[in-house]
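With the sequence shown counted from 1, adding 840 to any position gets you our numbering.
Hints listed in this document are in silico derivations from the structure and should not be mistaken for laboratory results.
Some hints could be false.
[Said to hold, decoys possible] DSS-like, lysine-lysine: derived pairs with alpha carbons at most 30 Å apart:
1) K929 / K850
2) K850 / K861
3) K850 / K863
4) K929 / K863
[Unchecked claim] Derived CB-CB ranges, DEER-like:
5) V865 / N950: 19 to 29 Å
6) V932 / S845: 13 to 23 Å
7) D957 / V928: 15 to 25 Å
8) V865 / P931: 29 to 39 Å
Every residue, glycine too, gets a C-beta built ideally from N, C-alpha and C.
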Amino acid sequence: MSDSSTQGIKTVLHPVSDLAKAKAVYAALLGVEPVADGPYYVGFEAAGQHIGLVPAGGPQAMASPVAYWHVPDIEAKLAEVTAAGATVKEPVRDVGGGRLVATVTDVDGNVLGLLQDR
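Build out the structure end to end from the sequences listed, making use of the hints.
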């Protein structure tokens, strides 16, 4: 194992079928208004976590929520988990603001997200 430990799960993205209805539910659940509110993404910051709503699962076609593990070096962690048996689902990509994300599947097909803020 390398010294690329995670910083924990701090981001969870949820695919939603109706963004307006989902936004109301999550605002009530979290007790805060969104910090990002657009037609393609709504994001909330609550209790040190980022909760995102992605209409129709977005371009990555999410079928279920994806938890993102925050890591200091996404390339190193991606190499480490794939060497251990994970399969790359989405390679590292920049989603703006210096944020890099990638997803892998574990040996049972569960989707795991990796996220690095630069």
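How the hints compare with the structure:
1. K929 / K850: holds (20 Å)
2. K850 / K861: holds (24 Å)
3. K850 / K863: Roughly 19 Å between the alpha carbons, so the hint for K850 and K863 holds.
4. K929 / K863: holds (27 Å)
5. V865 / N950: 19 to 29 Å: holds (25 Å)
6. V932 / S845: 13 to 23 Å: Since the Cβ atoms of V932 and S845 sit about 18 Å apart, the hinted range of 13 to 23 Å holds.
7. D957 / V928: 15 to 25 Å: holds (20 Å)
8. V865 / P931: 29 to 39 Å: Because 32 Å falls inside the window, the suggested range holds.
Violated hints: none; the structure is consistent with every hint.
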